[in-house]
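**Q** As they're listed, the protein sequences go chains P, V and U.
Under this note's numbering, think of the first position of the first sequence as 25, with each following residue one higher.
Under this note's numbering, think of the first position of the second sequence as 8, with each following residue one higher.
Under this note's numbering, think of the first position of the third sequence as 77, with each following residue one higher.
Hints may be right or wrong, so weigh each one.
If you anchor each label on the Cβ, the simulated ranges turn out as follows [stated by the list, open to error]:
#1 Q203/V / Y45/P: 53 to 59 Å
#2 T66/P / R31/V: 35 to 41 Å
#3 P22/V / E61/P: 37 to 43 Å
#4 G55/P / E245/V: 26 to 32 Å
Worth flagging that the hints you see were computed from the coordinates, not collected in a lab.
The beta-carbon is built from N, C-alpha and C at its ideal position, and this holds for glycine as well.
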Amino acid sequence: MVSLLKSIINNVLRKPVTRCYPVERRNSFAGSRGHVEMDPSTCTFCGICARKCPANALTVSKEPRSWTLEPYKCIVCGYCADICPRKSISMNPNHGLPGGI
Amino acid sequence: MPGSKSIIPFGPQHPVFPEPLQLRLMLEDEKVVEALPAIGYVHRGIEKLAEKKEYTQNIFLVERICGICSFMHALAYCQGIEMLMNVTVPDRARYLRVIWSELHRLHSHLLWLGLLADSFGFESLFMQAWRSREAVLDIMEATTGGRIIISTCIVGGVRRDISEELMAEVLKTVDALERDLEIVRPVVFDDYSVKQRLVGTGRITSEQAYDLGSVGPVARACGIARDFRETGYAAYKEIKVTPITETGGDAYARARVRIREMYQSIDIVRQAVRDIPVGDIAVSARGNPEGEVISRVEQPRGEVIYYIKGDGTKNLERLRVRTPTFANMAPLLAMLPGCELANVPVIVLSIDPCISCTER
Amino acid sequence: MSLMNTAAVSLGSLLQEVADKHRKRYRFVTMTCTDIGDGYDILYHFDKDYELYNLRLYLKKGEELPSISSIFFAALLVENEIKDLFSIPIRDLVIDYGGRFLLTEDAPVAPMGREGCSRSIDIRLQGAPEEEDK
């Protein structure tokens, strides 16, 4: 383990590569699949997203108009955002906090 | 009493195992005379679930078979469906698939290196490897939106393109990684204490490795030049890959193969970024898969095999996955007898086991 | 599209054919079992120089499958898996897990079979939308 000694000393003298989460947070990358967002003003409640969701996390009904996402079922694949005909669904790059979106 | 036998249940919870695997070890004093694996702790019935989902939804399902080489699972699945539906993938998409495949191989091998170092108590090597891995995961998130389960492969191409600026970032990441590897490589290759633990540990002959059907680095460490990338799927037609082999057949040879493969992956990424053509990233695929096909892809742990049978509807009739660790399980049983109990973790981690893959 | 290099074998000639493959230095890759209603479609995959060769066996329900694990040791894992998931009786296994390789005692019987599953598993979760055909 002597051969790693040089980099161990370097590591001791350098500032840590980890962050002091949650005080200091990393910014999300643009285009990161953080969480699903829906814009109700353009949505027609057609239900395509609910039928295509691989995890059955979405429930949509036309009458009464409702769109529900179960955060614990959602696998954040972004497939709903891809197939939405009105582009009402989008991916927000910020990751949701534990305990809900 | 000398010569008496005892049975030790090794796992499913063990400090060095990242996943639940139980080995029933028959011991004579400190020596293993027989090993029997007991699995089934993470069996999720994915093959059955795949029959209930649409074939497009299955991409996201098969990605979740493995949390390490998920992209390659999606790639093998998509390539199979594309063969069934006669879809030709655009050139740019083929190159992008190669770039992400190799980034996956890099992070997988770095993860393995950390776990192996941890298995013989070399904590600083473990930290070093996982720190480097983090950079790969970051570039993966920047280019695809996900750290490991990147969900970019679809039938007919890929979902995302990598822009010029991000391509430069990818190059910067692999350059930095190469510098990091220069620190790690001499440690694994030459360090006295590492060699003490790895050389001669879990040795199998080339004959055994072939006969027991080993794949990937386990086979290549025995001198069997098998790397499915040689057959030229995706853009490996243009980017030539020569299998990296060693002849030792022990844990040390397997470590050497993987370290050298990381350098190879870095070269492939550079070559792919340099040669990538401009153009579309996906074609639309109409219709449903019909017929049966076998699709194979070289994963970090070896060759994965997808058997896909479609009946012309949007649901598949059968999806069968043979993952590399499943193939490497039989060689593992040949490696264990004769070793010391203290070397069992090192041997198990030297095949880079992925239990979630094995059980699906 | 159908599989390349596929030859049909009968139950009687299976072990002979497999031993022949072993003699000719083929590598055992895996087996695939599919429930096709009145029987099982079992494929034995072998590999040589990146080329895949398959043996196709039709097994009627209720028939016993001879194990090839004495010829190819590596087959024992996948044979135990098939025994679990399809409840196919397999004889002469080198190591027989007795149907408890992947599944536990309270698991459903033959979960991969089309029918005959003693406990129905409802894969569709609550709140899932009804299937609608276009």
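**Q** Give a verdict on every hint.
**A** Consistency of the hints with the structure:
no.: 1; hint: Q203/V / Y45/P: 53 to 59 Å; result: violated (38 Å)
no.: 2; hint: T66/P / R31/V: 35 to 41 Å; result: violated (59 Å)
no.: 3; hint: P22/V / E61/P: 37 to 43 Å; result: holds (41 Å)
no.: 4; hint: G55/P / E245/V: 26 to 32 Å; result: holds (27 Å)
The earlier numbered hints that this structure contradicts are 1 and 2.
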